[in-house]
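Colleague: Please model the entire structure based on the sequences and the hints provided.
Numbering-wise, the sequence shown is residues 35 to 319 according to my numbering.
None of these hints come from the bench; they were simulated from the model.
The reader is advised that the hints may include incorrect statements.
As the list claims (entries may be wrong) - Pair ranges (Cβ atoms, derived): (1) Ser319 with Glu195: 25 to 35 Å; (2) Glu201 with Ser256: 39 to 49 Å; (3) Leu230 with Asp126: 34 to 44 Å; (4) Thr123 with Pro205: 23 to 33 Å; (5) Arg200 with Pro86: 18 to 28 Å; (6) Ala113 with Pro163: 17 to 27 Å; (7) Pro140 with Glu192: 35 to 45 Å; (8) Ser319 with Leu107: 25 to 35 Å; (9) Ala85 with Pro205: 29 to 39 Å; (10) Pro86 with Glu201: 27 to 37 Å; (11) Glu104 with Gly141: 18 to 28 Å; (12) Pro181 with Arg124: 27 to 37 Å.
For glycine and all other residues, C-beta sits at the position ideal for the given N, C-alpha and C.
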Amino acid sequence: MRDAGALGGSICCMAATCSGSGGKRLSIGASKTPGRSAYAAVPARPITQNAPMPHLVLLPGLACDERLWEAQLPVLPPAFEPRVSDAHTRHDTIEAMAAAVLREHPGPLVLCGASMGGMIAMEAARQAPDRIAGLALLGTNPRPEAPEMYELREGAIELFEQGDLREVIEPNVVFAFHPAQAADEALVQRYLDIVLDAGAQQLIRQNRAVMRRPDARAHLPSLRAPVLLVCGDTDRLAPPDCTREIAALVPHAEVVWLAQCGHMLTMEKPAFVNAALLSWLGQWS
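Modeller: In structure tokens:
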């Protein structure tokens with residue numbers, strides 16, 4: 035059996051370390067509330083008064099489904115007609131997943147992606163920048179796969195192909211959480227159930243898609259839509275440096291840091307995620 039911590043990065047959406055580019059200074063918020071820092075090197079694309087209300091599409095992470103957004107869906111403004119995409123379950127690459135989201139959800143879009151969902155959102159913004167009214171990126175990574183993570187995912191895929199699904203996943207899901215939330219057996223079990231329900235084939239296909247993901251850093255500087263970045267301060271799968279790197283690249287970003295939070299933001303700190311999303315979405319009301 036491989037090292038649990040290493041495989042934990044493979045079975046979940048993200049892993050590996052991002053190095054910050056040192057572009058813009060961020061201020062990290064207080065420990066008990068989500069801190070905010072907003073800055074703009076170039077103004078975001080203005081929201082015109084008579085523009086149609088964008089639709090809000092939620093993009094789950096690897097091996098996840100609408101249950102990832104269980105705490106968010108009841109509070110999101112109905113005017114956005116929020117819906118959860120399942121494009122990641124039907125396509126083999128990040129590019130194809132993004133194209134499906136654009137094809138299946140017409141009109142201007144606000145895309146909210148967690149982890150692998152953030153990769154899909156960034157790729158959709160590359161494919162159709164004029165369709166994207168805003169991006170909310172939760173615990174995601176703009177970089178292509180690092181060689182060491184490519185090897186780790188290949189190792190995990192081999193085990194999935196051999197039928198060792200529960201044996202690999204069960205001891206590793208805690209690495210997606212801050213230690214305080216990892217001690218919550220019911221919370222961890224909910225996430226474990228979601229991943230196991232996805233099944234081996236989905237885990238294999240989606241890990242391969244992440245392994246072949248494009249480098250989003252090349253097009254992020256041209257993005258003019260408002261961007262919200264949310265990251266757990268102890269995220270071990272998409273470390274804070276990944277968020278800092280995105281913030282340094284996009285012309286306009288609002289950054290929210292969640293204290294004592296790991297990778298599973300929407301499940302670990304639902305009230306803070308909800309507050310951040312609702313505040314940010316208020317610019318369209």
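Colleague: Run every hint past the structure and note whether it holds.
Modeller: For each hint, the structure was consulted:
1. Ser319 with Glu195: 25 to 35 Å: violated, 48 Å
2. Glu201 with Ser256: 39 to 49 Å: holds, 44 Å
3. Leu230 with Asp126: 34 to 44 Å: Between leucine 230 and aspartate 126, where Cβ atoms are some 21 Å apart, the hint is violated.
4. Thr123 with Pro205: 23 to 33 Å: Holds: the Cβ-Cβ distance is about 25 Å, inside 23 to 33 Å.
5. Arg200 with Pro86: 18 to 28 Å: Taking Cβ atoms as reference, arginine 200 and proline 86 lie about 46 Å apart, which means the hint is violated.
6. Ala113 with Pro163: 17 to 27 Å: holds, 23 Å
7. Pro140 with Glu192: 35 to 45 Å: holds, 40 Å
8. Ser319 with Leu107: 25 to 35 Å: violated, 18 Å
9. Ala85 with Pro205: 29 to 39 Å: violated, 49 Å
10. Pro86 with Glu201: 27 to 37 Å: At 49 Å between Cβs, range violated.
11. Glu104 with Gly141: 18 to 28 Å: At 26 Å between Cβs, range holds.
12. Pro181 with Arg124: 27 to 37 Å: With Cβ atoms ~29 Å apart, the hint holds.
The structure fails hints 1, 3, 5, 8, 9, 10 (numbered hints given earlier, in ascending order).
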